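As a plain string of letters, each chain reads:
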Amino acid sequence: MAGIPVHAWTLIEAARAIRDKEISSRELTRALLSRIERIDPKIHGYITVLPETAMREAAVCDEELAGGHTRGPLHGVPVALKDIFCTKGVRTTCASRILDNFDPPYDATVTKKIREAGAVLLGKHNMDEFAMGSSTETSRLGPTRNPWATDRIPGGSSGGTAAAVAAGTCFAGVGTDTGGSIRQPASLCGVVGMKPTYGRVSRYGMIAFASSLDQGGPIARSVPDAAVVLAVIAGHDRRDSTSVDIPVPDFLAATERDVKGMRVGLPREYFAGGLDASVRESVERALKALLSRGAQAVEISLPHTEFALSTYYIIAPAEASSNLARYDGVRYGFRADGGTGLIEMMSRTRGEGFGAEVKRRIMIGTYVLSAGYYEAYYGKAQKVRTLLRRDFTEAFSGVDVILTPTAPTPAFRIGEKVDDPLTMYLSDIYTIPCNLAGIPGISVPCGMSPDGLPIGAQLLGKHFDEEALFAAAAAIEREIPLPRLAPLEE
Amino acid sequence: MAFEAVIGLEVHAQLATGSKIFCPCPAKFGAAPNENTCPVCTGMPGVLPVLNRRVVEFAIRTALATSCKVQERSVFARKNYFYPDLPKAYQISQYELPLAVCGHIDIEANGTSRRIGITRIHLEEDAGKLVHAGAFAGAQTSLADLNRCSVPLMEIVSEPDLRTPEEGGAYLRRLRDILVYLEVCDGNMEEGSFRCDANVSVRPKGRKEFGTRAELKNMNSFRNVEKALEHEIRRQIGVIEDGGAVVQETRLWDADAGVTVSMRGKEEAHDYRYFPDPDLLPLHVDAAWVEELGKTIPELPGEKVARLSSRYGIPRYDAELLSSSRMLADIFEASVAAFGGNPKVTANECIQWKEAIVTGRLPPETIAHVVEDRETGTISATASKTLVEMAIETGKPVRQIRDEKGLTQVSDAGALEAIVTKIIAGNPKEVESYRAGKAGLLSFFVGQVMKETRGKANPRVVQEVLKAKLE
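Quick note, the sequences are listed as chains A and B, same order.
Residue numbers for the first sequence, in my numbering: 1 to 490.
Residue numbers for the second sequence, in my numbering: 1001 to 1471.
In isolation and in its complexed conformation, chain A is listed as follows:
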């Protein structure tokens, strides 16, 4: 890999180089920390950078390796986590004032697994506050910028992670996806992002937004890199009753799998109006890539698609209104000054501690669960959710994967949609049904807009069939070579 700067290596290359002692974990970590120092001020992908602990962890990895021991597939490789995963003793804010200076007393299962696999934790990534947003603009610490065009948003809510991966300030990251929060920023930043099947990755220690939709997953610069990270973080966890006890397959092997004979569904509802021309062309290119390798196209229908967005905006806020009720200033996090009495302390804390978008969703959620409205909103949304799930079950009786755009447009400008929540919500129109159905989805780069902005294709699969998605995404990746690292001046 002579001539390629270390930050441009894939995660798999970096892990191999450490294992083969071509480079030490300390050297690699130092290189990444120095890149963060130079690049991150332009991108703002990080909320917290951990130079001291990262160097210490790297030194331990080097010592272990010198003694002939490797902890796992990420041994010595610097990665980072969205600031929604609890990290023991390391501030975890969810990009919210209300969790200012919150040091969790425990590690999330994802954090624990990443550490056990030998990874070095570089820091915590920026995000939309409590993962509520599609642009990373609702972060209390300010927006992350798209490394491909720094006046544009990186997508969200895992925008910090996608931007950092595209900017080469980490080899991979773990984000979360409630309605597209991994796939949409991956698409907008030209990287790979996978939302696994609901229940594949433990939610323990992942700060809850909407419990029945949230799922953690990898963001990386290649499909095999994403497969390696998912293999590390996946698996049953007794601490999460919704995690499913089934074996974790060899995801990396799946990326080598032939797609010959694979039936690729094209839902007509996803290629209707509102789709940007360059996005349409790029997704068509992705389809051609699959067909050129022997896959077949099948036109399908997902008839309840038009109700997905409104269903989501009832269920997700309802769960969020309850999940976020615990931030009351009593035990941890921010507490507003000056209140007299309990009610005033709690109201002030929540009034000052939450941003506008979070408050909007708490209010929607509180409303739809209220006595007298529950059946009309939440009850009905659950029924529509069942219909949406059935759409996919029926579609998957005839196809192996479904191909769609990930986002309707390439990255928009910072500030462009921030005052128009409805338009902002529409950026998740293609990603939301997947969360409602609990199925896996991946976004893989498949083109560039005329302005040089990345465009991703989304592949959806059957429950627990991430392997088909890795196979198809890897095929697209091989057929459509695109730069994964944004062209940033150091």
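The hints are simulated quantities; they were obtained by calculation from the structure and are not laboratory data.
It is possible that some hints are incorrect.
What the hints assert, rightly or not - Covered stretches of chain A, going by a simulated chain B footprint (3 or more residues, C-beta under 8 Å):
1) 198–211
2) 415–421
As the list claims (entries may be wrong) - Derived lysine-lysine pairs resembling DSS-like cross-links, with alpha carbons at most 30 Å apart:
3) A:LYS380 with B:LYS1266
4) B:LYS1129 with A:LYS88
5) B:LYS1205 with B:LYS1217
6) A:LYS359 with B:LYS1079
7) B:LYS1295 with B:LYS1354
8) B:LYS1469 with B:LYS1451
9) B:LYS1354 with B:LYS1344
10) B:LYS1405 with B:LYS1451
11) B:LYS1208 with B:LYS1069
12) A:LYS383 with B:LYS1069
13) B:LYS1227 with B:LYS1129
14) B:LYS1266 with B:LYS1205
15) B:LYS1385 with B:LYS1396
16) B:LYS1079 with A:LYS383
17) B:LYS1079 with A:LYS380
18) B:LYS1469 with B:LYS1396
19) A:LYS88 with B:LYS1028
20) B:LYS1451 with B:LYS1422
21) B:LYS1344 with B:LYS1438
22) B:LYS1266 with B:LYS1129
23) B:LYS1208 with B:LYS1295
Predicted model only: the values in this text are computed from it and were never measured.
Every residue gets a Cβ at the ideal spot worked out from N, C-alpha and C, and that includes glycine.
Based on these hints, arrange chain B on the given structure of chain A.
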């Protein structure tokens, strides 16, 4: 106009599991504040509940013991409200689909037996406790102790089948005894591990429709429940007789004043925004598990009372007292079986020493031994009492104490004859008077013999020997 009360009771029983309902923290009382807590029960960001299997087992066993139908599928919901003792700002509780429904308990009150329906049994978690400023030295503000957070509770809701405070009391006591028999709850009302709220309304006798009900809270003993019900029924009848209308509200029992006081009205009722907890999957209970647990149900209090009174021929009242504790009844039966002693005498002893027996302070063989020794005349009734007291105090076997302290009595007529002869020889004047018809002097001779034997002679045998010698 004659009125009739309609009462339904809601019991919250704290389940005696080792750990909490959704995390592995100890569920026991008495730890230092916030010692029995972890990220899960303190509602840290990102934590998730995991249901304790033992808790479900305890509730299924209770359901079976109260003839409830265990639902194949039940659902945990979130009850949302803000309070500093509720760290997640919601309580996880079964709402629309409880674990068990449609059961009953048979009770006896005012000499008649009645069957009281059980609407539902469901599981939920407890909240923490607030300690307010001034509660102890150094407490300058309100403080939260979260040890009790997520301690498992089982709510048992009766049908509105109870008609009198006595029936309410009988139902509660029987329910408590069942839970204690099952060893699922310690049944302590004063300490709050067995709590009761009551829904009360009155209606003219003979009318079918229910009146407007009030919910009563804050009754921390069986006696207080009965007193509160009595007061509330009188109050509601008074309101109606004065031409007023009972309002739907929650009222608190003030035990010191002996009255119920309005706490909040219907319009102040919370909107708890219940919805199924997405962190917990619906609870599925399969029939095989229920069947297996059915085999662990012991003989229940009602069955035991009936069996003890018929088998041993003891009064029903005694059988009730003995059956109030599984341990007490077991010791009674074992003591009778030990040497075939008189059941009534054994029952009396068991009832007399109930407190020491059920608290485990009395070595279990004590009752059998003292009853046997009394029946054989080896000890006196007075010595028996002294011996049991000493056994409680020292924990030593009662027969060892008897021998060490020399508390046996002489019941052998042959052994007493020499002493009796000596006494008669030493009191010729009294002998003469006795023989002349002063029968009352017999007790004088008995006293002399007892004095001579330093109290060890069996007075009944002494009398017999004396009578024979004096005639």
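For the pair we were handed, LYS1385 (chain B) and LYS1396 (chain B), check the Cα-Cα distance against 30 Å. Judged against 30 Å, a Cα distance of about 15 Å means the pair holds.
Below or equal to 30 Å on CA atoms is what counts here, so check LYS1079 (chain B) against LYS380 (chain A). Since the Cα atoms of LYS1079 (chain B) and LYS380 (chain A) sit roughly 20 Å apart, the hinted pair holds (cutoff 30 Å).
For the pair supplied as a hint, LYS1344 (chain B) and LYS1438 (chain B), confirm whether the alpha-carbon distance does not exceed 30 Å. violated, 37 Å
Regarding the pair LYS380 (chain A) and LYS1266 (chain B), is the alpha-carbon distance no greater than 30 Å? holds, 28 Å
Tell me whether the statement that chain B covers the stretch 198–211 of chain A is true, taking a Cβ distance below 8 Å and needing three residues at minimum. holds (count 8)
Given the hinted pair LYS1266 (chain B) and LYS1205 (chain B), is their Cα-Cα distance within 30 Å? Holds. LYS1266 (chain B) to LYS1205 (chain B) sits at ~26 Å (cutoff 30 Å).
Verify this for me: three or more residues of the stretch 415–421 of chain A with a beta carbon less than 8 Å from a beta carbon of chain B. violated (count 0)
Restraint check for LYS88 (chain A) with LYS1028 (chain B), where alpha carbons must lie at most 30 Å apart: holds, 28 Å
Hint check: LYS1227 (chain B) vs LYS1129 (chain B), CA-CA at most 30 Å. Holds or violated? holds, 27 Å
Between LYS1208 (chain B) and LYS1069 (chain B), is the straight-line Cα distance small enough, at 30 Å or below? This hinted pair holds, its Cα atoms lying about 27 Å apart.
Would the pair LYS1079 (chain B) and LYS383 (chain A) pass a check requiring their Cα atoms to be no farther apart than 30 Å? OK: LYS1079 (chain B) and LYS383 (chain A) at ~22 Å, within 30 Å.
Would the pair LYS1129 (chain B) and LYS88 (chain A) pass a check requiring their Cα atoms to be no farther apart than 30 Å? holds, 27 Å
The structure fails hints 2, 18, 21 and 23 (numbered hints given earlier, in ascending order).
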